[in-house]
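A.B. asks: Listed below are the residues making up each chain.
Number of protein chains: 2
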Amino acid sequence: MPNPTAAMLVIGDEILSGRTRDANMHFLAGQLTEAGIDLREMRVVSDDPAAIQCAVRALSDAYGYVFTSGGIGPTHDDITADNIAAAFNVPIDVRADARAILATHYDRTGLVMNAARLRMARIPEGASLIDNPVSAAPGFILRNVYVMAGVPAIFEAMVASVLPTLTGGAPLTSRNLTIHRGEGDIAAPLADLAARYPTLSFGSYPFQRDGAYGTNVVIRGQDAGAVEAALADLVTLAG
Amino acid sequence: MPNPTAAMLVIGDEILSGRTRDANMHFLAGQLTEAGIDLREMRVVSDDPAAIQCAVRALSDAYGYVFTSGGIGPTHDDITADNIAAAFNVPIDVRADARAILATHYDRTGLVMNAARLRMARIPEGASLIDNPVSAAPGFILRNVYVMAGVPAIFEAMVASVLPTLTGGAPLTSRNLTIHRGEGDIAAPLADLAARYPTLSFGSYPFQRDGAYGTNVVIRGQDAGAVEAALADLVTLAG
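Chains as they are written, first to last, in full-length UniProt numbering: chain W, 1 to 239; chain Y, 1 to 239.
Bear in mind the hints are in silico, worked out from the structure with no lab data behind them. Wrong hints could be hidden among the right ones.
Said to hold, decoys possible - The following label-pair restraints were derived from C-beta to C-beta distances:
| hint | chain 1 | residue 1 | chain 2 | residue 2 | range |
| --- | --- | --- | --- | --- | --- |
| 1 | Y | D61 | W | N176 | 34 to 44 Å |
| 2 | W | A23 | Y | L237 | 45 to 55 Å |
| 3 | W | L129 | Y | D48 | 49 to 59 Å |
| 4 | W | L129 | Y | P189 | 28 to 38 Å |
| 5 | Y | P49 | W | D223 | 18 to 28 Å |
| 6 | Y | D48 | W | A238 | 24 to 34 Å |
| 7 | Y | A195 | W | D223 | 51 to 61 Å |
| 8 | Y | P2 | W | A238 | 44 to 54 Å |
Stated by the list, open to error - Far from chain Y, some chain W residues (derived; all Cβ distances over 10 Å):
| hint | residue |
| --- | --- |
| 9 | D107 |
| 10 | A157 |
| 11 | T165 |
Each residue gets a CB set at the ideal place from its N, CA and C atoms; glycine is no exception.
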């Protein structure tokens, strides 16, 4: 059975301007691979209603899971929740349970619950909440879309809390071999090998070190036995 | 006049699996911002013909420039050039000038020009070449799509060679202020400020340091005078 599919949507002008280097894409990619969920696409869009709504709709239609990061804070540029709601034509308003979570957190930390912070309790109708152990303001799940914070520590905590609830597939087995020959030298036998193992994926990544060419070959697949057999063939071939 | 728009397309299973952390998106984002080109969207897709063709067509239609990275090497998983050609219904074959560049390079370095390496001279009809000072195999430009290597050193060299040929806009002026108050405390006055300067963008980025909350506010825009005026207002507001 094929693994479930997923996409990621990063929302934030600060990534597109080069001000901030995104860290959440690489983190999520590794986590999903370990869980046996096949991440097929990632997109970064700006803090723009049409861009967010178009991307959410397209990815939600095309993939089993969609994970978003960014744009769920208290300021005017945090427009993710409203646009997820709009993308699915669902109403959005302050919800009692989300408000209670924030109120408890602010009571404890001495912060004031003002109108801006109350915006973080706006949750689209029909969504369920994602716990935020760092700064309380929850994420949420609407249909197949998981809406999470952009701050890496919070994003990672939210991923940790939702991952066990996802239906994973067979985790991939991955083996790699470093071959001290240029990619162009091994391309033909590698293509033959890949053709003989159609269920596996063969990645080839060239490098240059101390003036010499080399290639890292990565063999991946759900069938661990096939991966080991292909690796043995590759060792012979690289001989 | 609005700045020209751009999108980036990263092609590579190794990014989606979490094996490799992409570095080219952050690099290009910074370079385009400096050049006054408005990067609106980035996508990462797998080494899959349909995924590459769909994304290239969509981005080429929607934005002024499209920059791709990855998938132009000699191995079986390097399928970018063929799929860019297919996306635009253009034939592709080994081209004499690209072949000559490779032949000169291999003569000098003592590598063999075999069938696999010759694949890197396959260029879609009507494209112009992008110089590769690192490992010779050229990138190319087809319509508004700039096809470049995934290896960061080569990608960066290719970007450096094409950037001066692009039509840039007014570079953005960017100023930022660190405010030692939580994002939720300044959200309302910040929204008012943003409303008074509709041509500027106001980004708000929360942080927590030594247990205290703070916010970095970034003001950006083409009108340097307006940016400075807004910054002065922000300093007063943050008082």
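A.B. asks: Please go over all the hints and tell whether each is borne out by the structure.
C.D. replies: Against the structure, the hints:
1. For the pair Y:D61 and W:N176, the beta carbons lie near 38 Å from each other, so the given range of 34 to 44 Å is met.
2. At about 30 Å, the CB distance of W:A23 to Y:L237 disagrees with the hint of 45 to 55 Å.
3. Distance hint for W:L129 and Y:D48: a CB-CB separation of about 35 Å, inconsistent with the stated range 49 to 59 Å.
4. About 29 Å separates the C-beta atoms of W:L129 and Y:P189, a value consistent with the hinted range of 28 to 38 Å.
5. In this structure the hint that Y:P49 and W:D223 lie 18 to 28 Å apart at CB holds, the actual value being about 24 Å.
6. Checked against the given bound of 24 to 34 Å, the beta carbons of Y:D48 and W:A238, roughly 27 Å apart, stay inside it.
7. Between Y:A195 and W:D223 the Cβ separation comes to about 58 Å, which falls inside the hinted range of 51 to 61 Å.
8. Checked against the hint of 44 to 54 Å, the pair Y:P2 and W:A238 passes, with Cβ atoms roughly 53 Å apart.
9. Look at W:D107: its CB is around 14 Å from the nearest CB on chain Y, clear of 10 Å, so calling it non-interface holds up.
10. For W:A157, the non-interface assignment is confirmed: its Cβ lies about 13 Å from the closest Cβ of chain Y, beyond the 10 Å cut-off.
11. Distance to chain Y confirms W:T165 as a non-interface residue, since its nearest Cβ pair spans about 20 Å, more than 10 Å.
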